[in-house]
Every structure is written in C-alpha cells, then in structure tokens.
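Enquirer: Build out the structure end to end from the sequences listed, making use of the hints.
Protein chains: 2
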Amino acid sequence: MIYINDKSELPIYQQIYEQIKEDIIKGVLVEGDKLNSTRALAKELCVSRNTVENSYYQLSIEGYVESLPGSGFIVKNINEELFLYPNESSDELHKNIVKGNESSLFNDDPLLYKYNFQYGNFDDSTFPYSLWRRLTAEALLSIDTKKINFYNHKQGEPGLRMEIMNYLKIFRGVSCTAEQIVICSGNQHALDLICKIFSKCSPEIAIEEPGYDGSRIVFENNDFEIHPISVKSDGINISELENSSAKIVYITPSHQFPTGIIMPIQNRIHLLHWANQNDGVIIEDDYDSEFRYHSRPIPSLQSIDKNERVIYLGTFSKALSPGLRMSYMILPKWLLSKYNQLFNSYYPTVPWLQQKIISLYMSGGHWERHLRKVRLSYKKKHDTLIQTLTSLMGDKVIIHGNNAGLHIVLEFVNGEKQDWLIETAKAYKIKVYPISQFWYTKENYSNNMILMGFSMLNEEEIIEAVTILKKIWFNQKDTEAVT
Amino acid sequence: MIYINDKSELPIYQQIYEQIKEDIIKGVLVEGDKLNSTRALAKELCVSRNTVENSYYQLSIEGYVESLPGSGFIVKNINEELFLYPNESSDELHKNIVKGNESSLFNDDPLLYKYNFQYGNFDDSTFPYSLWRRLTAEALLSIDTKKINFYNHKQGEPGLRMEIMNYLKIFRGVSCTAEQIVICSGNQHALDLICKIFSKCSPEIAIEEPGYDGSRIVFENNDFEIHPISVKSDGINISELENSSAKIVYITPSHQFPTGIIMPIQNRIHLLHWANQNDGVIIEDDYDSEFRYHSRPIPSLQSIDKNERVIYLGTFSKALSPGLRMSYMILPKWLLSKYNQLFNSYYPTVPWLQQKIISLYMSGGHWERHLRKVRLSYKKKHDTLIQTLTSLMGDKVIIHGNNAGLHIVLEFVNGEKQDWLIETAKAYKIKVYPISQFWYTKENYSNNMILMGFSMLNEEEIIEAVTILKKIWFNQKDTEAVT
Numbered sequence: 001m002i003y004i005n006d007k008s009e010l011p012i013y014q015q016i017y018e019q020i021k022e023d024i025i026k027g028v029l030v031e032g033d034k035l036n037s038t039r040a041l042a043k044e045l046c047v048s049r050n051t052v053e054n055s056y057y058q059l060s061i062e063g064y065v066e067s068l069p070g071s072g073f074i075v076k077n078i079n080e081e082l083f084l085y086p087n088e089s090s091d092e093l094h095k096n097i098v099k100g101n102e103s104s105l106f107n108d109d110p111l112l113y114k115y116n117f118q119y120g121n122f123d124d125s126t127f128p129y130s131l132w133r134r135l136t137a138e139a140l141l142s143i144d145t146k147k148i149n150f151y152n153h154k155q156g157e158p159g160l161r162m163e164i165m166n167y168l169k170i171f172r173g174v175s176c177t178a179e180q181i182v183i184c185s186g187n188q189h190a191l192d193l194i195c196k197i198f199s200k201c202s203p204e205i206a207i208e209e210p211g212y213d214g215s216r217i218v219f220e221n222n223d224f225e226i227h228p229i230s231v232k233s234d235g236i237n238i239s240e241l242e243n244s245s246a247k248i249v250y251i252t253p254s255h256q257f258p259t260g261i262i263m264p265i266q267n268r269i270h271l272l273h274w275a276n277q278n279d280g281v282i283i284e285d286d287y288d289s290e291f292r293y294h295s296r297p298i299p300s301l302q303s304i305d306k307n308e309r310v311i312y313l314g315t316f317s318k319a320l321s322p323g324l325r326m327s328y329m330i331l332p333k334w335l336l337s338k339y340n341q342l343f344n345s346y347y348p349t350v351p352w353l354q355q356k357i358i359s360l361y362m363s364g365g366h367w368e369r370h371l372r373k374v375r376l377s378y379k380k381k382h383d384t385l386i387q388t389l390t391s392l393m394g395d396k397v398i399i400h401g402n403n404a405g406l407h408i409v410l411e412f413v414n415g416e417k418q419d420w421l422i423e424t425a426k427a428y429k430i431k432v433y434p435i436s437q438f439w440y441t442k443e444n445y446s447n448n449m450i451l452m453g454f455s456m457l458n459e460e461e462i463i464e465a466v467t468i469l470k471k472i473w474f475n476q477k478d479t480e481a482v483t
Numbered sequence: 484m485i486y487i488n489d490k491s492e493l494p495i496y497q498q499i500y501e502q503i504k505e506d507i508i509k510g511v512l513v514e515g516d517k518l519n520s521t522r523a524l525a526k527e528l529c530v531s532r533n534t535v536e537n538s539y540y541q542l543s544i545e546g547y548v549e550s551l552p553g554s555g556f557i558v559k560n561i562n563e564e565l566f567l568y569p570n571e572s573s574d575e576l577h578k579n580i581v582k583g584n585e586s587s588l589f590n591d592d593p594l595l596y597k598y599n600f601q602y603g604n605f606d607d608s609t610f611p612y613s614l615w616r617r618l619t620a621e622a623l624l625s626i627d628t629k630k631i632n633f634y635n636h637k638q639g640e641p642g643l644r645m646e647i648m649n650y651l652k653i654f655r656g657v658s659c660t661a662e663q664i665v666i667c668s669g670n671q672h673a674l675d676l677i678c679k680i681f682s683k684c685s686p687e688i689a690i691e692e693p694g695y696d697g698s699r700i701v702f703e704n705n706d707f708e709i710h711p712i713s714v715k716s717d718g719i720n721i722s723e724l725e726n727s728s729a730k731i732v733y734i735t736p737s738h739q740f741p742t743g744i745i746m747p748i749q750n751r752i753h754l755l756h757w758a759n760q761n762d763g764v765i766i767e768d769d770y771d772s773e774f775r776y777h778s779r780p781i782p783s784l785q786s787i788d789k790n791e792r793v794i795y796l797g798t799f800s801k802a803l804s805p806g807l808r809m810s811y812m813i814l815p816k817w818l819l820s821k822y823n824q825l826f827n828s829y830y831p832t833v834p835w836l837q838q839k840i841i842s843l844y845m846s847g848g849h850w851e852r853h854l855r856k857v858r859l860s861y862k863k864k865h866d867t868l869i870q871t872l873t874s875l876m877g878d879k880v881i882i883h884g885n886n887a888g889l890h891i892v893l894e895f896v897n898g899e900k901q902d903w904l905i906e907t908a909k910a911y912k913i914k915v916y917p918i919s920q921f922w923y924t925k926e927n928y929s930n931n932m933i934l935m936g937f938s939m940l941n942e943e944e945i946i947e948a949v950t951i952l953k954k955i956w957f958n959q960k961d962t963e964a965v966t
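Heads up: the sequence lines are chains A and B, in that order. Residues in the first sequence are numbered from 1 upward in steps of one, following this note's numbering. Residues in the second sequence are numbered from 484 upward in steps of one, following this note's numbering.
Derived from the structure by calculation, the hints contain no laboratory data. Being a predicted model, the structure only gives us computed values, none of them experimental. A hint or two may mislead.
Claimed, not checked - Stretch by stretch, here's where chain B covers chain A in the computed footprint (C-beta under 8 Å, at least three residues):
1. 340-347
2. 352-364
3. 374-384
The beta carbon of each residue, even a glycine, is placed where N, CA and C say it ideally should be.
Expert: Written as structure tokens, this is what we have:
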C-alpha cells in the first residue's frame, strides 16, 4: 500500500519511488511481481498518470524493475539477501575501524598560546586584504576571465609563469624560460612530481641530516630510499654524499633548514661537480631566500649551474602567505620531455583565479613592494629576538641560523632537554617548538635545541616572552613572580 | 680596478661586490690574495667605509673571502676551473636537452573553432562572477580570515567539509562525517593519495575498459598494475573482475565514462558483495552525478554500502567550474588512521580563501540554486542535441549515454572512422573529440565513435553544427554548399 504525504517536501513521484524501492529491498515485492499499471495506480492515489510513470521510470533505470512490452513493469531480482545482510565475517579490514571524532576537526588552533613562536604562520597584518579584493574584481573582469570555466594548462597560467621567470631572474639569478616553470600547490606537490619523474630510474634520495621533515615524508611516501647526509658548519657533507649511492640530493643551500647554515661557494661548486660527474640531480629548495637581513640574498645554486643539474623550488608561502598553497618548480630543459610524457593528461592544481590574481599582483609591482615591507618588518622582529636572547641568556645558549629567514634554532650549552624546555614554556602560555623531527636518525640529535619562529609576534611580545623564558629556564626560583 | 657607475640602478656596495666576485671567479684574484683594506678602498672609490664593509661582508658569507684577524680579508680557493669549465663530457643526460619553445605556452586555445563540442569546459555564462566578488569580500572580512596566513588543516576547512557532508547526505545519500572528507585539488590529486595508501599492500587496480584516461594515468604513474575490465551494457563485467587479482576497482557507476551506462542495482549489490568477499575496495567516481535530465539522480554506490567498502570521489569541476581545481574524497573510517599516518606532515593543497568562499557559497544556498539553474540549461542543450542528431542522422548513428551528464558518445553504424569524422568536421571549424584514448588496450576499440560534449555551445549553435555535420559526414556531394 503506497501512502502519499501531502505535507512532505518530497515530490509525489519520489514518494512513490521510495516506497516501491523499499518493498523490493525488503522482499515484499519479489522477482517477477508485476507492478500496478500506471493508470490503475494513478487512479488509486489520485495523482496524475505522468507522476506514476516518472516513479516507474526511475525504478527502471536503476534496475529495480523492467518494462516488458505487453506486461507492464515487472520486479527484477536484486539479490536482496546480499543487500540486507552483508557478509561481514570475511572482513579483516573492518576490524580496524577508527571511531570518528568530529571535535578533533576544530582542535588545532594556533592561537591558544599567548606567545607563539610558531614557524610558518603569520599574523594577519602582513596580508594585503583590500588589495586582494580589488585584484579579485580586476581578474574577474579581465579579458581572459572566461578561463575560470576551463581546464587550463597543467603547468599553470603563462602570464604568471612569465612574472615568476622575470622575478627569479632579477632577484635570484635564476635563468629559465616560462616553459620550464610548473606552478604547484606547495613544495610537497612539486616534490611528488619530481619523485614520479625519477621513480623508475633512481629511487634513492640524499637528504640533509637534520633537514625538513615535510619534504622527507614525500620521498618516503614515494618509496624512495633515504640517504641522510650530515650537515656540517659549511653545509651538507659532500664527501658523505659522494660515498652514498644516491644520484639525487635535496638541499636548502641558501639557508639550511633548520640550522640556517649558508653553503659557501666552494661547496656549491663541489656539489655541482659531484652532479656533473655522477649524472646527478640537485633539488634546490630556496624556501625563504627573500629574507636576509644584514646582507644581500645568497645567489641561488641554480644561477651558477652551467650544466642543468639543478631543479629549483620556490614558494609563495613564506614571502606572501602559506594559505595560498602555491609554489613553483623550475625544471631543467632536458627533463621537460619526461615531465610531459608522465603528466600530459594531468590538470593544474592551483585555481585559475588565484593564479590570475597573483599574476596581476606581481605585474603591478605589489609583490616587490610587499617584499620590501615585510623584510623590514621581519628584520625588526629578528633583531629584537637576537638582541633579547643575547642579552638575557648570554652564554647559556647558541643561536643558529640568524640573520636570515623566519626562524632560529636555539641550542642550550648546558644540555637542557628539548621536551623540558617546551613543557616549561607551555605552562606560561609560551609555545616554542621541537626540532627532533628533523633528524631522520633520531640518535644523531643531541636533544638540547628548540626551534623559534618569529613571524607571529610583535617586538614587544618577543621581549616579554624571552624575559619570561629566561626566568623559567635558567632561574627557576624566580618563576613564581613571572606571571 | 673597481669602477663605480653613478648612473647604475645597482647600489654601490653591490657594484663593488659584483666586481670583486667576478675577479675571483675569473682567477684575477686567487687564493691567499689580500683585499684592500676597507679604509683604503673606501678612500680610493670615494665611498663610505661602511659601503665597502657591506661588500666584503657579502663576499664573506658567500664564501669568496674570509676575514682573518689581523690580516683583513683574504681570497679563498673557489676551484675556479670547475666553475668556468664544467665537465660536460661525462654528461649523458645533457644530450637529451629539449629546445624550449615559448610560443607553445599560448597555443592551446579552445576557442579556435566556431563550434566546439568540448567536454569539460564551460562558457562563462555559468560562472557566478559578481557573486564571487561579493563572497570574496565577505570571506576576507570574516572572523576567521586570519587563516589566510596560516598553514591550515591538511584535510581542508572544517566548515567546508560540513557543507559538503550535508550536501552529499541529502543529494547523494552519502553517509559520512566531516572527519572522513578530504578536500583535494581535483580527482587526480585524490587518486594519487589513494594510490599511496594502497601502494604497499596491493598495487593492482581494476579499471573500466573503456574508462577515463585521466584517472588511469595516475594509477600508472604510481606503478599500479592495471587490470582493464570490460564494460557491458549493464556496467563493469563483474565476472571478469572476480577473475582478476585486483582488490581495488575504480568505477563510474552512476554515469560510466565515456559510455554513459548506469550500473543497475543488481550489479551494484554484486560489486559490493565482491568487495566484502575479497577485502576489496571500490573507488566510486561520482563525477557528474548532479546532471540527470529525465529522472532523479542515481543513488551513489556509497549510499548502499553497509561495509565501508567504498571510497567516494566528487568534484566541483562539472557542477561549478573546472578552473577551481577542487574536489573531495570520502574515506571509509577504517582508512583514516592509515591516511593520517602517511600524510600527517602534509599541508592542504587548496587555497584557504577559495575553500572559505565555497563554504559561504554553499551555506548561503547559492550552490543548490546554481545546480537547479545549470541543470535546466544543460537539459535544454542536451535535448536539442539528441533531437537534432536523431532527426538528422537517424539510423546512421547510435547515441550512447544520453539523459545525463555533459557529453554523449556517437557510434557510427556504417563504420565511419573516428579520425576521418574529426578531420572532416575540423575543416568546417567544428571540433568533435576522439574517444580512442579511453581504451587501455587499443585493439578493443572499434574505431567508429566520437565524443561530443554539449556544455560550451548554445542551442542554436548545436542545431547549426549538427546540420553541417550531417551534410559533411553523410552527404558529401552537398558539402560545397555548406559553408
């Protein structure tokens, strides 16, 4: 018996469809049963025949019934036992079900601390909000705005690539054509593409020890064999690299992450020589090259490479905003055919509109002005942090990686332990960060360092926080008075 | 001799730095050479001593010189032979250099044709331009707009995931929590994540033959063994699937791509049964489920799966815009721990601002209104195309996959060849598309079909184009008069 609810939001044809479907699933109607004729059911329910026909048509295209000439609509066998009583006994995987926890979605707010020495995020003062609104409008009115409804070029918008090419040429000495540039959704995406390019011929990678774990995990997830190479005071240990079987090395030569070491020119030449001799490839991650406070930026390795040995990675995450999820990679020309062969049917990953907005942002000169502005702002924060640490903590700490970037590493000469330092700070609503995850071989880490980013705090906050840290870390009897 | 050019845009300290660096690279200055004292050089060049110190400092941090107490600045050995004369002889890779062709960047304009039956792109009438401007402003003024400067949750914005969850529950019967949803940069990105989840345990995948090549290439690039399974008139051949060793199958059950076949309920149950029996996983790509013109949408496979066998994929590319590069995947709960283990250190790939805008778009009811509007628009185009093809080409063609989606497949009963059909149309500025690439095993393709998308053309254009196609394909003696 089919029941029509006039108050339901469901259309009548759908109510009929649902009830007949339910009867078939439950076995009330079984294979071979004939549905009422559309005329009869329409009359019975006081609805139009067309409505009933719609219901039957839907049941028919989904396979619950079939229309047989001369016989009307006949119920088909749907094997309802399988439908109602799924076989769970053979199900090994099912036992591992993780209980969902909706609240965990909302639980990673970096603003829970009063002083957050987070690396990577920025306060909202640095983002050009009103300009973004204006450029959005401009992009949506531009001559090529119809591209918002297209699948566009897999390597990214040509106009944006030209802007990046020009920027890199002037500011990083990078020599390339726009054809060599691939716009990516962050450096992890770029590294994933690189892994696919090399996975067949040489799935081994040398990485810096310590080094950036967010890159390492991409190599691991692509089943690359990891060769950790120690970082000395002048950068990656090239003798160790020469003794490894890896032909690809991932490095951060301009500001090694996390130690902040600059690779000197001798080692750069040595590294390029290694690549030439071994058919090697160097992945240069130039993640924060825009920020050097007491000298000019260090020229990129790519700029002194004469043999196309370097894949260059850059990002907008540090200099503009990590929420953009946009970076770029420069492939040597000889890799383009391999890249195109693998990714010919791929689509870009960065939204067209954002590419267009950033293209306008760069061509309008806003990008360079922004860099000058934030470099000055970060320099003040940097100088304040270094001066305060130096004057308050003196010879109890060694500051690594200063004069550049957006973070420092603080080493404790008396061996205070990382986790204790973090926990102690946390009790006073100060968040400083572990560094242990950057070692591939955990035993290589001396466990007496922390990471401090300085982009989220203003100068007053930096002084306040370091003052508290000094007391709680080195002068525990005074801590009562701190808060 | 250092020369200062007062008219140069380069700062003076940089001019000094560049010239000394050049001298070191060229070997004019060699290891052990002492630079002039900063005082002497400043006097010689009539610049401030501070300027010269800046130059020397930069040379020093880059490793060209070193400052020795009491001796001033001494040139270091940079192994300049390697620098100037890179060893190219051992370079196998170098021989494969592809010549860059900048113009190829601009050469893929889909607007070169008068009538373009392209599948996937849309004309700009469907994009909500002015609303997008308004929502952008709203997002940039919203309470969580500071997130634009953060590295946010790897699975995407919680608010957006809640919106998608609610939409899928109502419109696709999909049952999930927001915790199971991962926002992706298109379905290729989603499939790439899925490949990494299963690469260790079961790198074999069953796909539809014919099926979507843009997905297949992702499996191939992840080194999955491909098992093509033929598509019958009721969907993928499950007996063939049962006989293959693949435990994972990728399918498009609601509107098989490209054939348009709907998998009936019997086969859906059968397929779920296969998954239960074999610890199998079904990847359901529900790419164009929003568009069904003469019946309700077909319920998703995920909605009748009681054993968490289905990974569900959906996209905004067809229903809103392919330029957004945004899709989503619903993982079964038991896969979440594996997902989190692999991707714990990953960042999201979709820009925060776009996620926020679409979240506002959905919560404001615009999304449902948009779907109703474009569904009506595409229905008119679809009906016009089907009616015109039927009336003009009659029994010379079979139309596959109509009544849904944004494309049809046209099969030519007299065996006209795909490439001839395309070339003939091209001569009259009509673009129709090949379908051969969707077969993994090319020999399985009968070579007498083409793909026609109908989203880019209006009804008049469809009628005009089909009228021309009829003449040039079936009535060649009349073609003179067509143009």
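Enquirer: Determine for every hint whether it applies to the structure shown.
Expert: For each hint, the structure was consulted:
1. 340-347: This one holds; 6 residues, not fewer than the three required, reach chain B with a Cβ under 8 Å.
2. 352-364: Per the Cβ count (3), the hint holds.
3. 374-384: Three-residue rule not met by the segment 374-384 of chain A, so violated; n is 0.
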